Amino acid sequence: MNSAPHPSPTASPSPVAPAPTQAPAPAPVDGAGSWATYVFAVCRSDHPGSLSAAFGHPGGGPLRLLKVGSLRAVVQDVPAAEFSETALRERLGDAAELERCARAHHGAVTAAAAGGPTVPMPLATLYLGDERVRAAVGANRERFRLALDRIAGRAEWAVKVHLTQAGTSARSAAPGTGETAAPGRGPGPHVSGRDYLDRLRSRQHLREQHRESALAAAEQVDTAVRRLAVATVSRRPHGPEVTGKDRTQIMNTAYLIAEDRSEELTATIGRLRASPEFGGVEIDVSGPWAPYSFTDGGELAGHP
Amino acid sequence: MTELDSWTTESRSHPPATANLAEILERVLDKGIVIAGDIKIDLLDIELLTIRLRLFISSVETAKKAGIDWWETDPALSSRAAHDALYEENKQLRERIEALEGEDSQDADSIPRAGARRELRRR
Numbered sequence: 001m002n003s004a005p006h007p008s009p010t011a012s013p014s015p016v017a018p019a020p021t022q023a024p025a026p027a028p029v030d031g032a033g034s035w036a037t038y039v040f041a042v043c044r045s046d047h048p049g050s051l052s053a054a055f056g057h058p059g060g061g062p063l064r065l066l067k068v069g070s071l072r073a074v075v076q077d078v079p080a081a082e083f084s085e086t087a088l089r090e091r092l093g094d095a096a097e098l099e100r101c102a103r104a105h106h107g108a109v110t111a112a113a114a115g116g117p118t119v120p121m122p123l124a125t126l127y128l129g130d131e132r133v134r135a136a137v138g139a140n141r142e143r144f145r146l147a148l149d150r151i152a153g154r155a156e157w158a159v160k161v162h163l164t165q166a167g168t169s170a171r172s173a174a175p176g177t178g179e180t181a182a183p184g185r186g187p188g189p190h191v192s193g194r195d196y197l198d199r200l201r202s203r204q205h206l207r208e209q210h211r212e213s214a215l216a217a218a219e220q221v222d223t224a225v226r227r228l229a230v231a232t233v234s235r236r237p238h239g240p241e242v243t244g245k246d247r248t249q250i251m252n253t254a255y256l257i258a259e260d261r262s263e264e265l266t267a268t269i270g271r272l273r274a275s276p277e278f279g280g281v282e283i284d285v286s287g288p289w290a291p292y293s294f295t296d297g298g299e300l301a302g303h304p
Numbered sequence: 305m306t307e308l309d310s311w312t313t314e315s316r317s318h319p320p321a322t323a324n325l326a327e328i329l330e331r332v333l334d335k336g337i338v339i340a341g342d343i344k345i346d347l348l349d350i351e352l353l354t355i356r357l358r359l360f361i362s363s364v365e366t367a368k369k370a371g372i373d374w375w376e377t378d379p380a381l382s383s384r385a386a387h388d389a390l391y392e393e394n395k396q397l398r399e400r401i402e403a404l405e406g407e408d409s410q411d412a413d414s415i416p417r418a419g420a421r422r423e424l425r426r427r
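If you're matching them up, the sequences are chains D and F in order. Anchor point for the first sequence: position 71 equals 71 in the numbering used here, and the numbering is continuous, going up by one each time. Anchor point for the second sequence: position 24 equals 328 in the numbering used here, and the numbering is continuous, going up by one each time.
This is chain F alone, in the form it adopts within the complex:
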């Protein structure tokens, strides 16, 4: 039904995974019952991380303003993204068909496909 369905097994609405990153971090980094793990990063590391984070969060906010929101569009992180991914693929296929119908095959290379775009940028 809605994109929230798979996030909340019921709509008692624990915040969806798209909750404010700073809020998530301040909780998952230093809260919860701490018991000694076999593999762990020590607390000092976590402190340093949080400091680095404060810098990082600003870049996330900037990215958000610029419309870059991979955490909301990554299928692994959001079911809405999975939905969007289908939509996107569909759109790209349509574009590609249109292009193939209209142009010769040489131009088909310029059709924006994620992979192709990455290739171009790398050059």
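Chain D extracted, bound-state conformation:
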């Protein structure tokens, strides 16, 4: 809401303005004690560059903006030994370490994105030194410019639709069905095998119906949000490892939405959530994200 950068609340160092001088001297490329240059993102030259010292990988220097023509790379000097191919493979294979790295990366990207259009780089984009970064980013400057134009003034939103277990059982436990499911008991004395199978079948049918209506609901969500978006990317829905056993993810889509339309998004989602056909369906929204999913395009949404 308020657009001035806050100073940190307590004794922590105030947000460091472009702080190249504090970086450890990026010295000889090889050998112990040397530094590699980690690239988090690329932004424009008018980026205010107030990157808090709180971000970046632990053990590295402060974040800084490296000039590459009219672009700026958000970089950090990191200990080369910890970011060699072997070290990385080992570290990223370790769950806790991977999470730390991912969060450090995301934290720096997010901090940079707060200052203006920012193209995120994938995790572990590393160079032997600043010169190598200049060469690589410079060689791709057109791609970066296009991407920056595309995402300027826009942000990524993630919308996920879930079918909940509660929804399924609430509907399938229609009066009169249900009881026969008592575990370890066959059909009761008054229930023929045929009745039993019929009930099973109708319950199955209800479950399918519910799934169908949830899919229809997801489509409705997508249609509504697409209207606000300039581009979309559909992702594979998360499995039960992520969602938990009691809900099934049926839609996982990212949308690129103009910053001044985020309230419309909130309103749209609120309206959908409240509508009766969304019983047993949950809509999760997260954002605004730095536009991770739209740096290389994304499917164009119908309405600009």
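It is worth saying that the hints were derived from the structure and are not from the lab. These numbers come from a predicted model, not from an experiment. Mixed in with the good hints, there may be bad ones.
[Unchecked claim] The following label-pair restraints were derived from C-beta to C-beta distances:
no.	chain 1	residue 1	chain 2	residue 2	range
1	F	Q396	D	G59	22 to 30 Å
2	F	Q396	D	A274	26 to 34 Å
3	F	E399	D	E208	55 to 63 Å
4	D	E208	F	N394	55 to 63 Å
5	D	R211	F	Q396	51 to 59 Å
6	D	R273	F	N324	14 to 22 Å
7	D	E259	F	N394	22 to 30 Å
8	D	G138	F	N324	34 to 42 Å
9	F	G406	D	P58	34 to 42 Å
10	D	A274	F	L404	54 to 62 Å
11	D	T223	F	N324	20 to 28 Å
12	F	N324	D	L215	19 to 27 Å
[Unchecked claim] Not the full set, but computed from the structure, chain D residues with beta-carbon under 10 Å of chain F:
no.	residue
13	A102
14	M121
15	P122
Cβ atoms here follow ideal geometry from the backbone N, Cα and C, with glycine treated the same way.
For this one, chain D is given, so just place chain F on it according to the hints.
Coordinates of chain F only, in the frame set by chain D:
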């Protein structure tokens, strides 16, 4: 003011770093403009990583349910944690003073200090 202040230079609220891990991973692992780096892990490795991750995330969720949330309590990752760390230290100091006042020095060893606890567990 609030713990969010140092995360978002403004409250346009890009998701805080405590955002859902799965969401972060699906973004930082395979999105963004890919340019050839000098040092890199190849895409196959990343694929394998994401598979391993799906298994790992479930353990994170389990850990969360059990109240283990180091990523939210690690001072390096969260300013709230830095705040909590002070609070925790304060609490531990108070406990320690209380213990020292009440007991003899032998018992002071059993005061829960992070380091001490780790020592005990290792034995």
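Hints, one by one, checked against the model:
At about 26 Å, the CB distance of Q396/F to G59/D agrees with the hint of 22 to 30 Å. Range check, Q396/F to A274/D: about 48 Å between beta-carbon atoms, so the 26 to 34 Å window is missed. Look at E399/F against E208/D: about 58 Å separates their beta carbons, and that is inside 55 to 63 Å. In this structure the hint that E208/D and N394/F lie 55 to 63 Å apart at CB holds, the actual value being about 57 Å.
Between R211/D and Q396/F the beta carbons are some 52 Å apart, a value that agrees with the proposed interval 51 to 59 Å. The hint said 14 to 22 Å for the Cβ distance between R273/D and N324/F, and at roughly 19 Å that hint holds. Range check, E259/D to N394/F: about 41 Å between beta-carbon atoms, so the 22 to 30 Å window is missed. At roughly 35 Å, the beta carbons of G138/D and N324/F sit within the given window of 34 to 42 Å.
Range check, G406/F to P58/D: about 39 Å between beta-carbon atoms, so the 34 to 42 Å window is met. Hint check: A274/D to L404/F, Cβ distance near 59 Å, so the stated range 54 to 62 Å holds. A C-beta distance of roughly 25 Å is found between T223/D and N324/F, which places it inside the suggested range of 20 to 28 Å. With their beta carbons about 23 Å apart, N324/F and L215/D fall inside the hinted range of 19 to 27 Å.
Of the supplied interface hints, the one on A102/D holds, with its beta-carbon coming within about 5 Å of a beta-carbon of chain F, less than 10 Å. Given the 10 Å rule on beta carbons, the hint for M121/D holds: about 5 Å separates it from the nearest Cβ of chain F. Residue-level restraint check for P122/D holds (minimum Cβ-Cβ distance to chain F is 5 Å; threshold 10 Å).
Checked against the numbered hints given earlier, this structure breaks hints 2, 7; the rest are met.
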